[in-house]
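4 protein chains.
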Amino acid sequence: MSYRNIINDIYNYVNACSFNGKVASYIPELANVDPEKYGISFLCVNNEEYNFGDFDEKFSIQSISKVFSLSIAFSIVGEKIWERVGVEPSGNPFNSMVQLEYENGKPRNPFINAGALVIADILVSHFQSPKKEFLEFVRKIAGNNSIDYNKRIAHSEKETGYVNTALINLMKSYGNIKNDIEEVLDFYFCQCSLELTCKELALSFLPYADFSEPYNFNNFALSKSQLKRINALMLSCGFYDESGEFSFKVGLPGKSGVGGGIVAIHPQKYSVAVWSPKLNEKGNSLIGMKTLELLTTKTEASIF
Amino acid sequence: MSYRNIINDIYNYVNACSFNGKVASYIPELANVDPEKYGISFLCVNNEEYNFGDFDEKFSIQSISKVFSLSIAFSIVGEKIWERVGVEPSGNPFNSMVQLEYENGKPRNPFINAGALVIADILVSHFQSPKKEFLEFVRKIAGNNSIDYNKRIAHSEKETGYVNTALINLMKSYGNIKNDIEEVLDFYFCQCSLELTCKELALSFLPYADFSEPYNFNNFALSKSQLKRINALMLSCGFYDESGEFSFKVGLPGKSGVGGGIVAIHPQKYSVAVWSPKLNEKGNSLIGMKTLELLTTKTEASIF
Amino acid sequence: MSYRNIINDIYNYVNACSFNGKVASYIPELANVDPEKYGISFLCVNNEEYNFGDFDEKFSIQSISKVFSLSIAFSIVGEKIWERVGVEPSGNPFNSMVQLEYENGKPRNPFINAGALVIADILVSHFQSPKKEFLEFVRKIAGNNSIDYNKRIAHSEKETGYVNTALINLMKSYGNIKNDIEEVLDFYFCQCSLELTCKELALSFLPYADFSEPYNFNNFALSKSQLKRINALMLSCGFYDESGEFSFKVGLPGKSGVGGGIVAIHPQKYSVAVWSPKLNEKGNSLIGMKTLELLTTKTEASIF
Amino acid sequence: MSYRNIINDIYNYVNACSFNGKVASYIPELANVDPEKYGISFLCVNNEEYNFGDFDEKFSIQSISKVFSLSIAFSIVGEKIWERVGVEPSGNPFNSMVQLEYENGKPRNPFINAGALVIADILVSHFQSPKKEFLEFVRKIAGNNSIDYNKRIAHSEKETGYVNTALINLMKSYGNIKNDIEEVLDFYFCQCSLELTCKELALSFLPYADFSEPYNFNNFALSKSQLKRINALMLSCGFYDESGEFSFKVGLPGKSGVGGGIVAIHPQKYSVAVWSPKLNEKGNSLIGMKTLELLTTKTEASIF
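Chains as they are written, first to last, in our numbering: chain A, 1 to 304; chain B, 305 to 608; chain C, 609 to 912; chain D, 913 to 1216.
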């Protein structure tokens, strides 16, 4: 069966089911999103492309942005980046703080919030205008100059970002944050407020699946080996404390965000972005997880 | 043997020994204190009084101030205060954060930093001018209008207070901080920067030992039963994660601070303040601990 | 008001109230106890004595036995005992295992199960016939040769003692258990199965309150200073993770057991034993706690 | 460059380097192994085969056996197996016990010791003669009837297996172990004492890479989807708390043991077994890790 038919079947099947997840509600801007939104963009390395539902509507990509910031920081700092952030899964969330304490302020990986804050700190150190230059990178990799931050969302996150403020202060006490805390948080919340469509997201992740052309955007370049390592990190750490579950059921590197987006890639085959705002209790899109599980089941092809 | 002779002997004995502790060094103002300072003030409920060494020199009382802020807050809020802060020892320090996470932002007791921040929040809610009114209370209970904050110390603490900022943000995320974080921290660091002499400290703690007169300072009143409960808290939680050790070896309720001060009381008998800036690895005055251990050993009288 | 009248009032008051606690149910022998049992024995250092209700009925003292075993071990080993077990409260129970791991198999204090197992190991090393000699000590200090173990209870505990087996194995892996695990567990469960009446219990704890005569039973002697230290430990660690609460509300050193017994002492004044099998969620006798809280409130005398 | 040449180059390169790891020393039988042993067996799905060094010498496979026991248990119980053991990485080792406590006795995954003990319990429930039937399975999948347990190693492990005994008792207290503890431990230590050569190991893992023939050994069958899920688990949990590192640097599903063996597979391509007894501080073969990192670097082919 062709990809087109498989995805079409999944889209119809999922639309006919009912799901009970809840839209992220900790800030009003996220809570107001229509929970019934559902879009899929599927993009092959050979440029085959299939789009379904609300694939062309902007949504808040939130933590998915951490892959972009890691890619830039990895390009800048190289292997020394792992002196400040690890590559191991974080176990369960309840001990996030104690792990930082126990491991002297070095976060387990770049996709938990603590790790993403260290990465943001690296970008703030490197960029003259962090927000502007980060945005330019994303516009380049996603091939769309209209992509922008949502300032209301960034502002709301900052207003209520007590846990992130706790984390960054704890790391600062260990010397693992170099810049002013306010400046790093301001950049971080801005980064997370990026809005992309499924289509833009699938396109911007294709370079992580397609090694036929060099990865180089606005002079931030990564080798094939570095891209594979980012993929390995997505697989083992991309879904909070449900990363094992995603790896187990879907079997693809990917990254989710509390805005309901999930993007995943099959190296040398395709990238796929799904958006559905209803979240499971772990904070991952319920329908997004199901869609991708069905995709690798029906195509009988995961990386394993 | 009389108290006078016992304390005189201890003072001379300790002066003849050498101790290896280190002065608190996390801010320059504390690091610059002469490590050889050593003062004792001993004050009986019958007004007997004995002073030795540097008993009349101001020093930074730091965490000892938490007893004053708790007393005021307990007077204001009454028993409901225990809905926001517990009365149990905190175990060891490494899990301070995880305990806050596990117990939903309610600190174990009012003498660990997290608990003292909740108490500071209560005072900020209650007072019109928190710094001014808190100072008036301390001047009253210590019987000296010249007592004041050390603004350089308060400022330094604030500049480097990342762990406290982490704690207060974590508690705010659970709703256990009602006021603006900056305002509470500003008050808290100010409170800790109070400077008293041993003599003033012994005098200001006498009301916790002497129940013959009502406890009422600037209209903040506590019943005998409430005073006993504060004493119980000092015994079980007054010395960070060395509280058991102090209770075990000294056997008196007391409170220490990283400035090198320790104050302790024997209910219905005396209050005693010791100052020596060299700290052991747990952050308690090495010589202060030794002095009080010798005191209860030689008098053969602890509360047990 | 006299002790007699105060205790009489408390006994009548408590009898008129209704309490919701639950009898320990993890082994049938404890679950079968009549939940309505309620006895008090109060014994002054001057031999005044008051008994109420079911004061003359045997019950399983369980963890209260840890005070006896600690006393013997302290007498044998002296201060070196603290190299194998600490004197600090344990914080909350959920991290009992991680604390043992983090602190390399040294339990926080002798009254948590891990610590009591180390003490049991010390007795097993010292005694030729641990069960026999321990029993002789208790018969001596309680002044009653009919005191005995309850073998059915000991057997039941052993059958289901998985958590204790986990703890002792973990400590053995750190080298803090010297004897065969089975032998230590066998002795430990036997020790906990001791059955005493309130009257016997009050009598056996009087030596911890009355320093006028030397503490020496079957040649196990403790100095006044050592007794005070055991009292300090009872205060800070005697009630599991409710020790702060007991210290705060009652203000006396004491020890509880899941059989519903509580014993407490007021140094140089009295010892008191209460028995009521209904437990609160922390495993302490609900009515026992209330009885003692009323006692120190009405007498207006705690150690603080 | 051909696989043969690549592996030959790696073998020679590694032999010319010096490595500082230490042989596992907690039992004499493992400590006595020659630290300089080094063997590689590489086996393609198309039956290409390359062997180097000590590839034909038996060694203790230890934790690698957990893949066999999981495969059998998954075949028996099906998806319900995940009710008793999870699929998430375990974070770092220091909190292994607290995680079991926090998560009510359900281990995070089947490859940490706690999880492998639950799997062993499942086999003990299912088999008439667990040791005999498990051995028959391994002989079948490895194609060699001479494979056997090393009874001295099994016995030594049992003698000193305090941590495993602690873990299984803790899980029994939560009801997640159904059989007698001694029986399960006896089987578990036996299972881990299996001795295979690199060649046998590579052959026995080929079925996890080669989906062209049905997986069915002694009537224990797994679907292609189930095999992929076991591969996903190996990737995210196969190397203790260095799983992220292995996934990041090597990029293949695999499993290591403290005997110094590592086996890894590239789905639809090959299986590879390496043996070198020197371990890094995380307990994984230092040279084994290096060999496989070089393999995926030089072949420029991992699963990512």
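Hints may be right or wrong, so weigh each one.
As the list claims (entries may be wrong) - Taking lysine to aspartate or glutamate pairs in the EDC-like style, the calculated list, with each CA pair at most 20 Å apart, reads:
{"no.": "1", "chain 1": "B", "residue 1": "Lys-462", "chain 2": "A", "residue 2": "Glu-293"}
{"no.": "2", "chain 1": "C", "residue 1": "Lys-714", "chain 2": "B", "residue 2": "Glu-383"}
{"no.": "3", "chain 1": "D", "residue 1": "Lys-1070", "chain 2": "C", "residue 2": "Glu-791"}
{"no.": "4", "chain 1": "A", "residue 1": "Lys-80", "chain 2": "D", "residue 2": "Asp-968"}
{"no.": "5", "chain 1": "A", "residue 1": "Lys-158", "chain 2": "B", "residue 2": "Asp-484"}
{"no.": "6", "chain 1": "D", "residue 1": "Lys-1052", "chain 2": "D", "residue 2": "Glu-948"}
{"no.": "7", "chain 1": "A", "residue 1": "Lys-106", "chain 2": "D", "residue 2": "Glu-1045"}
{"no.": "8", "chain 1": "D", "residue 1": "Lys-992", "chain 2": "A", "residue 2": "Glu-293"}
{"no.": "9", "chain 1": "B", "residue 1": "Lys-602", "chain 2": "C", "residue 2": "Glu-687"}
{"no.": "10", "chain 1": "C", "residue 1": "Lys-666", "chain 2": "C", "residue 2": "Asp-756"}
{"no.": "11", "chain 1": "B", "residue 1": "Lys-528", "chain 2": "C", "residue 2": "Glu-901"}
{"no.": "12", "chain 1": "A", "residue 1": "Lys-224", "chain 2": "D", "residue 2": "Asp-968"}
{"no.": "13", "chain 1": "B", "residue 1": "Lys-410", "chain 2": "C", "residue 2": "Glu-850"}
{"no.": "14", "chain 1": "C", "residue 1": "Lys-906", "chain 2": "B", "residue 2": "Glu-546"}
{"no.": "15", "chain 1": "C", "residue 1": "Lys-688", "chain 2": "B", "residue 2": "Glu-546"}
What the hints assert, rightly or not - Stretch-level coverage of chain B by chain C, calculated; a stretch enters the list once three of its residues show a Cβ under 8 Å from a Cβ in chain C:
{"no.": "16", "region": "328-339"}
{"no.": "17", "region": "382-393"}
{"no.": "18", "region": "447-459"}
{"no.": "19", "region": "537-544"}
As the list claims (entries may be wrong) - The following label-pair restraints were derived from C-beta to C-beta distances:
{"no.": "20", "chain 1": "D", "residue 1": "Lys-1136", "chain 2": "A", "residue 2": "Arg-4", "range": "21 to 27 Å"}
{"no.": "21", "chain 1": "A", "residue 1": "Pro-28", "chain 2": "D", "residue 2": "Met-913", "range": "54 to 60 Å"}
{"no.": "22", "chain 1": "D", "residue 1": "Tyr-1086", "chain 2": "C", "residue 2": "Asp-788", "range": "25 to 31 Å"}
{"no.": "23", "chain 1": "D", "residue 1": "Thr-1211", "chain 2": "C", "residue 2": "Asn-712", "range": "30 to 36 Å"}
{"no.": "24", "chain 1": "C", "residue 1": "Asn-712", "chain 2": "D", "residue 2": "Ser-937", "range": "55 to 61 Å"}
{"no.": "25", "chain 1": "D", "residue 1": "Lys-1090", "chain 2": "A", "residue 2": "Lys-224", "range": "46 to 52 Å"}
Hint data in this document are derived by calculation from the structure and do not stem from the laboratory. Using N, Cα and C, we set each Cβ at its ideal position, and we do this for glycine too.
These are the hints, each one checked on the structure:
1. Proximity of Lys-462(B) to Glu-293(A) is assessed by CA-CA distance (about 50 Å); at most 20 Å being required, the pair is judged violated.
2. Under the criterion of a C-alpha separation no larger than 20 Å, the hint pairing Lys-714(C) with Glu-383(B) is inconsistent with the structure, at around 36 Å.
3. At most 20 Å may separate the alpha-carbon atoms for a hinted pair to count; Lys-1070(D) and Glu-791(C) meet this at roughly 18 Å.
4. Pair hint Lys-80(A) plus Asp-968(D) does not hold up; C-alpha atoms about 40 Å apart against a cutoff of 20 Å.
5. Distance check on the hinted pair: Lys-158(A) and Asp-484(B) sit about 14 Å apart at the alpha-carbon level, within 20 Å; holds.
6. A C-alpha spacing of about 30 Å is found between Lys-1052(D) and Glu-948(D), which places the hinted pair above 20 Å, so the restraint is violated.
7. For the proposed pair Lys-106(A) and Glu-1045(D), the alpha carbon gap of about 46 Å is over 20 Å, so the pair is violated.
8. A C-alpha spacing of about 18 Å is found between Lys-992(D) and Glu-293(A), which places the hinted pair at or below 20 Å, so the restraint holds.
9. For the hint pairing Lys-602(B) with Glu-687(C), the CA-to-CA distance comes to about 19 Å; that is within 20 Å, so the pair holds.
10. Between the alpha carbons of Lys-666(C) and Asp-756(C) the distance comes to roughly 10 Å, so the proposed pair stays at or under 20 Å and holds.
11. Straight-line distance between C-alpha atoms of Lys-528(B) and Glu-901(C) comes to about 15 Å, which keeps the hinted pair within the 20 Å bound.
12. About 36 Å separates the Cα atoms of Lys-224(A) and Asp-968(D), which puts this hinted pair outside 20 Å; it is violated.
13. With a C-alpha separation of about 16 Å, the suggested pairing of Lys-410(B) with Glu-850(C) holds against the 20 Å cut-off.
14. Distance check on the hinted pair: Lys-906(C) and Glu-546(B) sit about 32 Å apart at the alpha-carbon level, beyond 20 Å; violated.
15. The suggested pairing of Lys-688(C) with Glu-546(B) holds, with an alpha-carbon distance near 18 Å, which does not exceed 20 Å.
16. Counting residues of the region 328-339 of chain B whose C-beta lies closer than 8 Å to any C-beta of chain C gives 0; at least three are required, and the coverage claim is violated.
17. Taking a C-beta to C-beta cut-off of 8 Å, the region 382-393 of chain B contributes 4 residues in contact with chain C, enough for the three needed, and the coverage statement holds.
18. With a threshold of 8 Å between beta carbons, the proposed coverage of the region 447-459 of chain B by chain C is violated, since 0 of its residues qualify and at least three are required.
19. For the region 537-544 of chain B, the proposed coverage by chain C is satisfied: 4 residues have a C-beta within less than 8 Å of a C-beta in that chain, meeting the threshold of three.
20. Our hint of 21 to 27 Å for Lys-1136(D) and Arg-4(A) holds, since their Cβ atoms are close to 23 Å apart.
21. Pro-28(A) and Met-913(D) have their C-beta atoms about 58 Å apart, which keeps the hinted 54 to 60 Å range intact.
22. A C-beta distance of roughly 26 Å is found between Tyr-1086(D) and Asp-788(C), which places it inside the suggested range of 25 to 31 Å.
23. Separation of Thr-1211(D) from Asn-712(C) is about 44 Å and departs from the stated range, judged on CB atoms against 30 to 36 Å.
24. At about 18 Å, the beta-carbon gap between Asn-712(C) and Ser-937(D) misses the expected band of 55 to 61 Å.
25. For the pair Lys-1090(D) and Lys-224(A), the supplied restraint of 46 to 52 Å holds, since their beta-carbon distance comes to about 49 Å.
When the structure is compared with the earlier hints, violations turn up for hints 1, 2, 4, 6, 7, 12, 14, 16, 18, 23 and 24 and for no others.
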